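> Listed below, chain by chain, are the residues.
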Amino acid sequence: MKRRSFLQKVAATGIVLPMALGFPRVRAFAKAPEGSPFARITAANKDRILIILRLAGGNDGLNTVIPYTNQDYYTARAEGEIAIPANEVIKLPDSSTLGLHPSLAPLLELYNEKKMAIIQNVGYANQNLSHFRSTDIWLSGSDADVYSNSGWFAKYLEQQYPDYPATLPTDPFAIELGTYLSTTLIGNNYYMGVAVGTSDFIPGLPNTDPTASTHAGDEEAYVREIIRQTNIFINSIVAAGLKQTTNKVTYPLNNQLADGLKAISRIIAAGLTTQMYIINIGGYDTHSDQLNGQNNLHKMLADAVLAFQRDMEAFGTDKKVSIMTISEFGRRVISNGTGTDHGSAAPMFVIGSGVKGGIIGSDPVLTDVEGPGNLKMKVDFRQLYASVLGQWYGASEAEITPNALPRHFEQLPIFQTTTAVNEFETDTSLLTLGQNYPNPAQTQTTIPMEGILSGMDAQFTLSSIDGREIVSQTVMPGQKTVTLDTRALPIGTYIYSLKVGKSKRTQTMVIER
Amino acid sequence: MKRRNFLVLGAHVDSPSDNATMVSSARRQVVPEFATRTEAGLEPYTPTGANPWDYSKAAHLLRRCMIGPKDSEIRKAVTDGIDATVKQLLTLTPLSFDEIKSWAGTDVQYRPPNNDMDSDEYKAWQTALFTRREQLVKWWLKNIGTSPVCIQERLVIMWHNHFANEINTVNFADYMFVQNLQFHKYCLGNFKLFVKDITKDPSMLIYLDGIKNFKVNKNNQINENYARELQELFTCGVVDWNNNPNYTQADVSEAAKALSGWTITPSTTKDPKYYFGLTSVFIESRWDSSDKTFMNKKGPWKADDIVDIIFSERADQVAKFICTKIYKELVYDVPDKVIVEAMANTLKSNNWEIKPVIDQLIRSEHFFDATNIGAKDKSPIDFMVGAIRTLGLTSVPDFNLGVSGRNTQELMNRMQAIGQVPCFPPNVKGWPGGRTWVSTSTLPLRQKFLLDVLDEKVVIQKTIMYKFDAIAFAKTFPSYNDAEKLTQEISQALLNVAPSKQESAALLEALLQGAKSYEWKIDDPTFQADKHIRNLLKSIVQLAKHELF
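Read top to bottom, the protein sequences are chains C and E. Under this note's numbering, read the first sequence as residues 1 to 513, first letter to last. Under this note's numbering, read the second sequence as residues 1 to 549, first letter to last.
These are calculated hints, taken from the structure and not from any lab test. Check each hint, because a few of them may be wrong.
Some chain C residues close to chain E (C-beta under 7 Å, calculated; not the full set) [unchecked claim]:
1. VAL146
2. ASN149
3. ILE186
4. TYR190
5. TYR191
6. THR198
7. SER199
8. PHE201
9. PRO203
10. GLU370
11. GLY371
12. PRO372
13. LEU433
14. TYR437
15. PRO438
16. THR508
Every value quoted in this text rests on a predicted model; they were computed, and no experiment measured them. Note that beta-carbon positions come from the ideal geometry of N, C-alpha and C, so glycine has one too.
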């Protein structure tokens with residue numbers, strides 16, 4: 001283990017204030033286009049969750065999914081004694097050439113149950129070979145020659161929720177375990193997720209007086225926003241953790257990944273509507289002592305993931321949760337002695353009950369190499385992201401490209417497709433729209449509302465008495481008020497309404513001076 | 001960078017509502033790579049009547065160059081003037097390593113004669129290994145927390161973050177200690193010589209596999225780890241400012257060959273079967289002697305040649321890369337290109353000497369421009385150790401090197417949770433810093449630490465830790481008998497940007513807690529001024545401004 005501490009537990013104790021209402025807002029998902037090879041899972045996927053396990057340092061793919069019948073593998077690696085003997089490899093039943101690293105044995109169960117997809121030869125053109133550049137490329141979803149500080153999923157979210165952060169949801173869109181956010185969750189303008197550590201302390205809300213037009217003022221505004229988001233989001237996360245204090249299965253001990261997944265399992269079971277979790281695991285940069293290092297890492301991963309999947313199944317949340325591994329690159333075909341230097345393409349896993357399972361892509365060809373002796377990539381990593389967005393989250397091509405990803409990427413058959421369209425049951429019986437206060441209003445007024453539940457697409461409208469629309473705005477689930485500045489409005493009577501699907505509530509207000 | 005606000009119907013709206021979900025103070029959270037916000041350049045700042053050398057400027061200089069300066073030190077700097085203060089900051093002071101002298105600087109036992117892991121001997125050796133790691137970190141934190149008025153601890157942390165090694169990989173605190181001495185030696189020294197020495201530094205040879213990079217006859221174990229980071233992270237960077245690559249994969253592979261052959265010396269004073277020395281040695285028979293073509297130069301290069309070639313062939317890129325780091329460390333995390341370029345010219349024209357660059361920068365109009373004052377996010381070291389130093393906290397558990405174990409790593413544990421412990425950077429690139437220091441994960445832990453300290457809630461074995469003498473602290477300020485002035489003086493000692501009117505009023509109220517200003521009696525035991533002062537500080541540390549320096 002090269003890293004000190006690669007993840008932190010979500011606090012198990014602290015201030016409680018369970019949130020009755022959740023997030024996210026749901027868009028009306030269109031049916032998959034006719035003839036589309038990978039029909040999106042329509043309507044059912046509004047609550048989908050992806051957990052990204054980032055194997056930091058560059059995981060050696062050839063010692064993860066091992067081509068144990070390929071003599072080239074043993075030639076390239078036997079000399080340095082890092083080859084895994086064929087008799088130790090965990091053979092995959094539907095392949096005559098591939099098997100898992102022995103420490104990944106627990107994953108065979110999931111593979112056999114068709115809950116694990118292995119995508120071969122994933123990478124990108126012109127692999128940079130620098131950890132940090134390559135990590136930036138993977139986390140942002142950009143091309144190798146583009147320098148971007150924003151990430152594919154955050155850009156997708158920014159487009160989905162244009163009123164963020166002016167309006168905050170009750171639960172964060174995304175959570176990264178650790179002390180700060182990685183690029184995947186940083187958008188063009190805003191942070192679209194929160195970093196979560198061990199704290200259960202909820203700070204008070206920040207001041208609202210103006211900040212200076214200086215660098216210092218920019219930073220102060222930044223810190224205030226962090227304080228505000230901490231106040232709201234840590235509250236909901238801690239509340240979820242306290243709502244569900246136990247797991248359904250026993251997780252392995254002394255396994256930091258298991259500790260993290262265990263906490264995530266609980267807050268998912270408690271109903272937290274966060275759509276993505278990111279966990280960073282270090283130690284994969286095995287220039288030396290690879291056998292030992294990778295052994296421990298693979299064991300930790302496989303033990304933790306198996307327990308988590310079983311836990312999800314026991315909770316009944318498994319169908320909406322998937323895990324995807326990513327790593328900035330694979331490693332060189334030929335060993336350097338006790339380890340391997342930076343390579344390029346490598347296999348990635350997608351695991352979960354919603355996955356099709358099996359191997360996607362061809363076996364690596366160890367003699368067909370580029371640069372200093374690295375496997376050629378055959379699947380662009382953005383094809384995984386496009387599949388996640390399209391099949392898992394139900395995004396249309398227009399929502400994926402060019403906003404989240406720079407151009408079109410062919411999706412892969414990773415997730416189960418379903419033709420059944422289960423229309424979301426919208427319970428509007430609790431929907432209420434209250435009288436504004438003060439009424440009559442002079443400079444501003446607040447309108448109370450209730451019953452906007454997770455999954456609802458609610459619209460607030462203010463119209464003049466003759467029906468002209470003056471304000472029209474989406475209201476977030478959980479939101480309980482809308483405040484209007486009425487100074488620019490002429491005196492008179494106005495109509496305001498709240499609409500969810502076919503249900504509509506209407507009231508009138510008066511503006512006076 | 002204000003966003004469209006859907007509630008704005010008129011031309012302008014003040015945030016009308018207390019409803020947290022409706023009001024956003026958010027400007028753009030994502031920062032650009034470079035930014036310019038002032039025309040002020042590197043010309044020396046000259047105090048004038050309109051722009052005097054005052055508390056705010058002296059505090060800025062000391063806060064940026066030190067970690068947690070005290071009010072008394074800032075006042076002294078105001079009196080001394082900028083020249084004398086800069087001179088003092090740039091004069092290195094000798095380190096004391098009395099508390100770790102039992103092992104620091106002696107040969108390293110890399111394994112005990114008895115290799116049975118269950119033997120007492122082996123266990124004792126292993127315990128010593130971990131105790132030393134712990135002691136080194138504590139020694140380092142204590143150096144920072146008790147540093148004189150001098151720039152060295154700021155720069156040592158900067159260089160540790162630049163040539164970032166992780167003690168868990170290096171394994172031996174003994175070598176990280178030696179590396180720490182190098183950082184002190186070179187913190188204002190010659191950058192090119194610095195790179196040459198750090199290339200052969202035992203910690204670095206272990207951390208980036210230099211000791212495993214060799215070619216003996218047919219046994220070819222050329223390892224690219226250091227060769228890549230030397231270029232990518234330590235000298236020129238991956239690309240220049242126009243995004244042109246500074247080196248190729250072939251340069252990495254060729255440099256790796258040239259860098260081969262270095263290893264750690266066997267002990268000359270103790271049994272070399274079990275002990276290493278503290279230096280490194282070049283063994284020609286382990287070196288790949290072939291001709292290498294590196295950055296288009298062909299020859300039988302060795303380690304120093306590679307450094308020389310980088311500094312001659314990529315001089316401009318190296319200078320800009322390093323000056324960007326220095327700028328970010330001392331001025332602001334979003335550097336100003338024009339200033340960095342000027343710094344780079346100073347570095348090159350001074351033959352890679354670092355001191356003239358820093359001397360020029362911290363005296364400049366640019367450095368003292370109001371836009372940069374209070375613009376940096378405090379690192380955990382600034383936040384935690386800085387507060388310990390500024391507030392004069394005593395009984396800091398981790399400053400006690402005589403004892404070991406969990407209870408004595410109170411500060412280290414807290415610092416780990418908020419993302420920074422010396423000797424434990426996240427990877428070879430070091431801590432990303434800037435806005436990553438203040439997140440939804442770290443902010444509550446940062447605030448809670450000082451709130452607990454001020455409430456005397458950190459208790460280990462019935463003893464209060466991080467003791468704070470509120471009355472004594474308040475009495476270090478000139479106007480301790482005047483509630484309003486005292487509030488203002490304590491605020492300026494802890495905040496880099498003056499509080500707003502609204503904040504000032506709230507702070508005075510926090511001190512008075514309902515009493516009238518004229519009722520303020522710091523020496524009257526019945527008034528319980530202690531509680532009032534703690535309450536004021538608790539309000540200050542919850543301000544967004546307190547996260548910045």
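> Hint by hint, note whether the structure agrees.
Here is what the structure says about each hint:
no., hint, verdict
1, VAL146, "violated (9 Å)"
2, ASN149, "holds (6 Å)"
3, ILE186, "holds (6 Å)"
4, TYR190, "holds (5 Å)"
5, TYR191, "holds (5 Å)"
6, THR198, "holds (5 Å)"
7, SER199, "holds (4 Å)"
8, PHE201, "holds (4 Å)"
9, PRO203, "holds (5 Å)"
10, GLU370, "violated (10 Å)"
11, GLY371, "holds (6 Å)"
12, PRO372, "holds (6 Å)"
13, LEU433, "violated (17 Å)"
14, TYR437, "violated (12 Å)"
15, PRO438, "violated (12 Å)"
16, THR508, "violated (18 Å)"
This entry does not satisfy hints 1, 10, 13, 14, 15, 16, going by the numbered hints stated previously.
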